[in-house]
Structure formats: structure tokens, C-alpha cells
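Number of protein chains: 2
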Amino acid sequence: MCTFASKFEFLLKLVLHIMLLDHKTEQIRLTLTNNINKKKMEKFKQFLKKISPITDSEFVDTIFYFTEQNLKKGDFFVKQDKVCRNIAFILKGTLRVYYINEKAEEITSCFCTENNLTTSYKSFILQQPSNIILQAIEDTQLLVINYENLQKLYARSAVWQTIGRSVAEREYIVMEQYASVLNNETAKEKYLRLLKEQPNVLQKASVEDIASYLGVTRRTLSRIRQEISK
Amino acid sequence: MCTFASKFEFLLKLVLHIMLLDHKTEQIRLTLTNNINKKKMEKFKQFLKKISPITDSEFVDTIFYFTEQNLKKGDFFVKQDKVCRNIAFILKGTLRVYYINEKAEEITSCFCTENNLTTSYKSFILQQPSNIILQAIEDTQLLVINYENLQKLYARSAVWQTIGRSVAEREYIVMEQYASVLNNETAKEKYLRLLKEQPNVLQKASVEDIASYLGVTRRTLSRIRQEISK
DNA sequence: TACAAAAAAGGTCAATTGTCCTCGAATGAT
DNA sequence: ATCATTCGAGGACAATTGACCTTTTTTGTA
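Here the protein sequences line up with chains A and B, keeping their order.
With the working numbering applied, the first sequence covers 1 to 230.
With the working numbering applied, the second sequence covers 1 to 230.
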């Protein structure tokens, strides 16, 4: 894919990188780097700062490895049996995470929403084919980094090593929480939790998707909604 | 707890450590270190080698941080709401992992068996009170390392950093697998899996424990056994 | 605006599971 | 060895859920 456009993009990035090394003001860097606007970067920076302290300078030096990606409703971020090469921060939008079981049913395991990371984590860390599918259920904006670039960040930055380890630990804890929910909560309780924690998802996802997320049929979800409306 | 016994133990370990630095033969080291016999250490070494390549010399230099712990049937390895200070390799025996839900029921989430690691992982990595309980359901032998010593190993050994990261990734994947089982398998399928993968557990655990592991009542487990016996 | 197609709601019956119970076998202490 | 207590098996009925279906509502397009 060595088109004129990609060559141009490469040269532009090179020039920008040199400019970064020249210590231009942050304002200029943020405006030019990867065409990601300042507001979006600020959002991501605030997210990272919650995970691990990162200075503005460190952030600017590393944001360069990220690119923006836009998905239309229905587009896939990760396809089944493909190696997941990317991890992304959701600037805006919603992704549904699901897999196909032996009965050829789509089972939704979670909905990823704005201001969170998203990836097929197992596939990403092992660089093996993914058993889960990530699909946008509305138009979605992502900040994306690929596997190689993340390894480069780990290699050149202690801050990113910390972020990487913290993300791994967080993913473990999220998964434990998910397993706990599966064990303890009834479909009705899960529905009420969704209503409280991710009310937008109920607007955007189909009844089919929500029912499979709750682990029940559409009929039972209909009954749950009937009960709650009383 | 600065008793005579603990002071003696400390001095003994110091002497042994100096001997280790003197490069005595492995045979002598293994015989003396922490009174852990060679057969048990060999078992642990084989386990570690499956995770990450470790030389005999590296292993002997680090085994020193481990101690042996014996649990009687019914003893607790991790109590509820206590910070889990240890991670352990199971030389022999079985532990039941469970928690108490809002209805004051004991819900079993897994059984830890010989040749595996065991800990309340979330509590251990965050050093926060544990929401799960680990209890021996038969007499059990463990090789134990505490949080501080593991941090020391991380600090002084690249091999152990790798092992630590690998263990974290494995724990994530195990948890994902567990969540997948909760989502996909019926109680009967889970029972058959237990029968295949951990048949000893069915002998050692109570009907109550197995039923809560399967996510059903005793009555349903009874029906499952009835069906299978046909 | 109207109409077709898709999606959600809800009726009905069968199958599954939980609750509550009894009975027989296994276990542990005297 | 005996007796009391615990533990597991299983019967009966009620409650829940799924399968299959029709009806109602929403959505997209001409």
C-alpha cells in the first residue's frame, strides 16, 4: 500500500516529529500532530492521568504513536478469528463486544462506552486470533495504537510500562467483576444495573443484544421491562 | 512477634544464605534451604519452567524467599475482609475458593488443585481486603511467598519480572475462561467438565459446595447426577 | 403522508428449576 | 457397637423461563 497519499503522510509525520524534537510550544504540537485536535487529546490525557501520573511533556512525546479512527454504525473494530492488532480509547460512541456460540447465537458480553479503553485483550496480548467481535452500534471515534507502537512506548518510557501494567491489572479486575456479576445477579438486577450505569446503551442497543447480555431470551427481557414499568 | 524461635529462624536463614553465596553444590543447598525437600522444590521448578525459562542457579537463588506451609482440612489460607499477603504453589491438596453473597449463601467460584498457584489475586495485587475466602477442603501443602518478598524478587531479577507479568496475563486469561464458562455452559455441562478435569474434587467437596459452583441448588445437582448415571 | 418491512411487546403452553419436604445412608462421638 | 447427627437422594408442587406464535409499534423509503 505504498500510495502517494501514504508517502505524503509519512513525510508529514517525519517533519512533525522533527518539529517535536525542536521543542515547539505544546499548542503547535497538539494542533498538528496526527491531525488529532486538542480537545480530543485533552480527553485522553485526563483519562491517562487517572491511571498513572503523566506530565504534559511525556504525553505529547507519546501521543504521536496514536492515530484517530472513525467507525460507522455496524463497522467492526475487531473481527472474529483475526488477530487484534490495536488497542483504542473511545472518544465518542459505543461498541458491542460479542461472540458466536455453538448454537450460532450472538452472545453480548459487554458494551464499551465513551472514555474507556477497548480491545480484544486476550488476542492483543497474545497476538492470537480473537474469539470475540467488537462492533460499533453507533458512529464512533477512537484513538488507536497498534501492538508494535505500544511495545516501542514500553521500551522508551517507564511511565508507559506503569500504564501497561496498570491496564493489565485493571483488565483482570474488570473481568473478575464481570464474572462476579454473572454469578450473583439475576437478569432483572443486571438490567437495573445497566439502566443505572449505562443508560445510553439501552437506547442504542437492540432488544436482541440486551437480552443476550442479560443471559435470557427476548421474551424474558420483555417481561422484565413490564415488571419494572409498574 | 520477636520471639526466640523467630530470631533463631532468621539467623539460620542468614547462615544458609551465606552458604548459598559460597556456591555450595545444589544438592546441599536444596537439602538445607528452608527445610523444603528436594522433591517438592523440583515440582515447583518444573512448574515455573513451563511459565518462563529459569536456570537451576536462578531458581536456587530465589527459592530462598519461599516457605512451606501446611494446612489441615478446614483451615483458611485467606480469610474474608483480610488483606491477602501471600501467593502460594500447591504441592498437594485442594482449596475451595468461595464468597458469601447477600443472602448469606456460600458461593464456590473454583477449586484450586495440586501443581497450581493460588491466592486472592485482586486482594494480593492491590493489597486490599479480600472479598473471597480460600479454605482447604483436605490436608494441603503449600510453597508460600509474601508480597514484600515477591517485590524483592521483581527488583533483583528480570526472570521474576517476566514470571510476574506472565502470571498476571495467565490470571486474566483464566478469569476470562471462567466468565466464558459461566456464560455458555449449563450446570450439567459444568458438572461433566468437573468430572473430566478435576474428578478428585467431586470426591472431596460437599454436594452443597459443588452445587454452588455449578450455580444451581442441591436438588438440581441431584437431578443432574440422576440423569448422568443412566 | 403512506406503506412495507423490521423490531419490540406480549399471549400461551411445555419444560426446567427452586422450595419444601421425607427417607435412607454415612459419619462421628461416647 | 450404638446412637445421634449430618449428609445426600429424591418426591410433590409452585414459580420461572423458553419456544412458538400473534399483535402492536417503530423505522425507513418512496
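The reader is advised that the hints may include incorrect statements.
Which copy is meant is left open, because identical chains are indistinguishable; a pair holds if it fits in one copy or across any two.
Calculated pairs, DSSO-like style, for lysine-lysine (alpha carbon to alpha carbon, straight line, at most 27 Å) [stated by the list, open to error]:
no.: 1; residue 1: Lys-49; residue 2: Lys-122
no.: 2; residue 1: Lys-122; residue 2: Lys-50
no.: 3; residue 1: Lys-39; residue 2: Lys-122
no.: 4; residue 1: Lys-49; residue 2: Lys-204
The hints are simulated quantities; they were obtained by calculation from the structure and are not laboratory data.
>> With identical chains, the pair Lys-49 and Lys-122 could be close in the same copy or across copies; at 27 Å between alpha carbons, which is it: within, between, both, or neither?
In response: both (24 Å within a copy, 22 Å between copies)
>> I want to check one pair: Lys-49 and Lys-204. Are their C-alpha atoms no more than 27 Å apart within a copy, between two copies, both, or neither?
In response: Neither way: Lys-49 and Lys-204 sit 29 Å apart in one copy and 48 Å across, limit 27 Å.
>> Within a copy, between copies, both or neither: which one fits Lys-39 and Lys-122 at a CA-CA cutoff of 27 Å?
In response: neither (31 Å within a copy, 35 Å between copies)
> From the Cα coordinates, with 27 Å as the cut-off, is the pair Lys-122 and Lys-50 best called within, between, both, or neither?
Replying inline: Both, since 23 Å and 19 Å are each at most 27 Å.
Checked against the numbered hints given earlier, the structure breaks hints 3 and 4 and satisfies all the rest.
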